[in-house]
Each structure stands twice: as structure tokens, then as C-alpha cells.
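Enquirer: So you can see what is in the structure, the chains are spelled out below.
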Amino acid sequence: DIQMTQSPSVLSASVGDRVTLNCKASQNINKYLNWYQQKLGEAPKLLIYNTNNLQTGIPSRFSGSGSGTDYTLTISSLQPEDVATYFCFQHNSWPLTFGSGTKLEIK
Amino acid sequence: EVQILETGGGLVKPGGSLRLSCATSGFNFNDYFMNWVRQAPGKGLEWVAQIRNKNYNYATYYAESLEGRVTISRDDSKSSVYLQVSSLRAEDTAIYYCTRWSVYYGLGHWGQGVMVTVSS
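Chains as they are written, first to last, in this note's numbering: chain G, 1 to 107; chain D, 1001 to 1120.
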């Protein structure tokens, strides 16, 4: 199975900060990497698909990058409504696997 | 508007079985693969199963940790997908989400989830 390791597990930042969340796969996942945002009590929501494609309706302050085994989600200017847990997800090979999540907080 | 609604959750005794249902609307169900993903309380997300559409002979895929205890199925005439889970254990306690899969972007739209609690 491909293991997905996210870091940090908790990130505290100020409104307006540029924040970067990391996701590392245990083997090459060929950019088949999605990012999901989950707010408390809600279902996850797709933000970025296939490494760097912004899902329709998602603010442009969210962006993704990476290749091979290393991927990042960047929020260019953190907003209060971005408080959530962020999960990466690989769909390159079976079984499909998620990272354990990064909880993003506002300082 | 895409709508996905899961039902069938509840309290089940260890060793019991449960069938979850997922009713969809707002898109051509026949064109999409469907998945179940679960989330134990306070934990991360775990992909459970996928069923492909008629063009792919309704092929199914399962998480190894659950294989043998779960069966995913679909009824295209009802735009619905189902998850049968047997020999339930306490560790199966989770919110179970029904999700639509796009060949372009993977897991896209999610339902609100249904809670399954396994306890005596």
C-alpha cells in the first residue's frame, strides 16, 4: 500500500499568512494527488485535483504543486474561513489512500 | 445540482450486519463510478470500496482491511449505490460517506455521511 504522510499535523498561522501543507507518498504517485478540506462537522470538500488543478468554485488563494512523492498545498493569504483539517489523497494505485491530515488553526 | 444522500446507519451489535444506501440525483448516475469512504470518530479518512459503471462491467475494488466483510453494489435504475457490511466490529464505528468518482479528478462530490455505531 502507498503510505501518505502529511506534515505538520497541526499548523497555527495568522490571518493573511502564506501557509504550506506537505504530503509525502511512500512511492511515486504520478501526480494523482488530491487535496480535501474538511470543516468541523462537515463532509470533506475537494479543493485541488491531480496535484495542481483548482476545483470549480474554490478560491484562487489555494494552489497545489509537486511531483513524484512530494506534494504541497499552499494558501497564499490565510482567511478565517480556512480553519479546517486538510487531507491529501492518492488515486494512482490500489488501495486508494489518504494522509492523516493537517489541522489548520488561526493564531 | 448534485445530491448524494446516505441512509441506513445506526446502532448495531458486534457481529451484526448492516446495509447502507446512497441515493443520488442531479447527474447521470450511469456515467460515474461510486465509492464509500469512512471516518472513525476524531480520526482520518479511509477509502472503503469502489464500484465502476456498466462500461467497466461494474468492477469492484475494496480496501484490504475490509475485504471479505463488505460488498458494494449499485442499482442504475434507482441511481443508488449500496454497502453491505457484515461481522461488524467496534472498529467499524464511523461515519460512512458515499462519494462520486470522476475519471478526471477522482473523488469529487460527497454526501453528508451516515453514522454507524457498533456496540453491545
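Because the hints were derived from the structure by calculation, they are not lab data. Only a predicted model underlies this, so the values are computations on that prediction, with no experimental measurement involved. Backbone N, C-alpha and C define an ideal beta-carbon position, used for all residues, glycine too. Mixed in with the good hints there might be a few duds.
In silico DSS-like cross-links for lysine-lysine, where the CA-CA straight-line distance does not exceed 30 Å [said to hold, decoys possible]: (1) G/103 to G/24; (2) G/31 to G/103; (3) G/39 to D/1043; (4) G/107 to G/39; (5) G/24 to D/1054; (6) G/107 to G/45; (7) G/24 to D/1043; (8) G/24 to G/107; (9) G/45 to G/31; (10) D/1078 to D/1054; (11) G/39 to G/24; (12) G/45 to G/103; (13) G/31 to D/1078; (14) D/1013 to D/1043; (15) D/1043 to G/103; (16) G/39 to G/103; (17) G/31 to D/1043; (18) D/1054 to G/39; (19) G/45 to D/1078; (20) D/1043 to G/107; (21) G/45 to G/24.
Covered by chain G, according to a simulated footprint, are these stretches of chain D (three or more residues, beta-carbon under 8 Å) [to be verified]: (22) 1007 to 1015; (23) 1097 to 1106.
Enquirer: Each hint should be assessed against the structure and marked as holding or not.
Expert: Going down the list of hints, with the structure as the test:
Between residue 103 of chain G and residue 24 of chain G the alpha-carbon distance is near 16 Å, which keeps this suggested pair within the 30 Å criterion. Using a Cα cut-off of 30 Å, the hinted pair residue 31 of chain G and residue 103 of chain G holds, with the two alpha carbons roughly 23 Å apart. Pair hint residue 39 of chain G plus residue 1043 of chain D holds up; C-alpha atoms about 13 Å apart against a cutoff of 30 Å. Taking the CA atoms of residue 107 of chain G and residue 39 of chain G, the gap is about 17 Å. The hint holds against a cut of 30 Å.
This hinted pair does not check out: residue 24 of chain G and residue 1054 of chain D have alpha carbons roughly 35 Å apart, beyond 30 Å. For a cut-off of 30 Å, the pair hint linking residue 107 of chain G to residue 45 of chain G stands: about 24 Å separates their Cα positions. A hinted pair counts as satisfied when its Cα atoms are at most 30 Å apart, and residue 24 of chain G with residue 1043 of chain D qualifies at roughly 19 Å. For the suggested pair residue 24 of chain G and residue 107 of chain G, the alpha carbons sit about 26 Å apart, so the restraint of at most 30 Å is met.
For the hint linking residue 45 of chain G to residue 31 of chain G, the alpha-carbon distance of about 19 Å falls within 30 Å, and the restraint holds. Of the pairs offered as hints, the one joining residue 1078 of chain D and residue 1054 of chain D holds, with about 14 Å between alpha carbons and a cut-off of 30 Å not exceeded. At most 30 Å may separate the alpha-carbon atoms for a hinted pair to count; residue 39 of chain G and residue 24 of chain G meet this at roughly 22 Å. Distance hint between residue 45 of chain G and residue 103 of chain G is fulfilled; the C-alpha atoms sit about 15 Å from each other, no more than 30 Å.
Only pairs whose Cα atoms come within 30 Å are accepted, and residue 31 of chain G paired with residue 1078 of chain D is rejected, the gap being roughly 35 Å. Restraint check for residue 1013 of chain D and residue 1043 of chain D: the C-alpha separation of about 22 Å stays at or below 30 Å, so the hint holds. Between residue 1043 of chain D and residue 103 of chain G the CA atoms are separated by roughly 12 Å; this keeps the pair inside 30 Å, and the hint holds. Distance restraint check for residue 39 of chain G and residue 103 of chain G: the Cα-Cα separation of roughly 10 Å lies within the 30 Å cut-off, and the hinted pair is therefore satisfied.
Distance hint between residue 31 of chain G and residue 1043 of chain D is fulfilled; the C-alpha atoms sit about 25 Å from each other, no more than 30 Å. Between the alpha carbons of residue 1054 of chain D and residue 39 of chain G the distance comes to roughly 34 Å, so the proposed pair goes past 30 Å and is violated. Restraint check for residue 45 of chain G and residue 1078 of chain D: satisfied, since their Cα atoms lie roughly 25 Å apart, inside the 30 Å limit. Between the alpha carbons of residue 1043 of chain D and residue 107 of chain G the distance comes to roughly 23 Å, so the proposed pair stays at or under 30 Å and holds.
Our distance criterion of 30 Å between C-alpha atoms is met by residue 45 of chain G and residue 24 of chain G, whose separation comes to about 20 Å. Look at the segment 1007 to 1015 of chain D against chain G: 0 of its residues bring a Cβ nearer than 8 Å to a Cβ of that chain, fewer than three, so the hint is violated. Coverage of the segment 1097 to 1106 of chain D by chain G holds [criterion: at least 3 residues with CB-CB distance below 8 Å; count 4].
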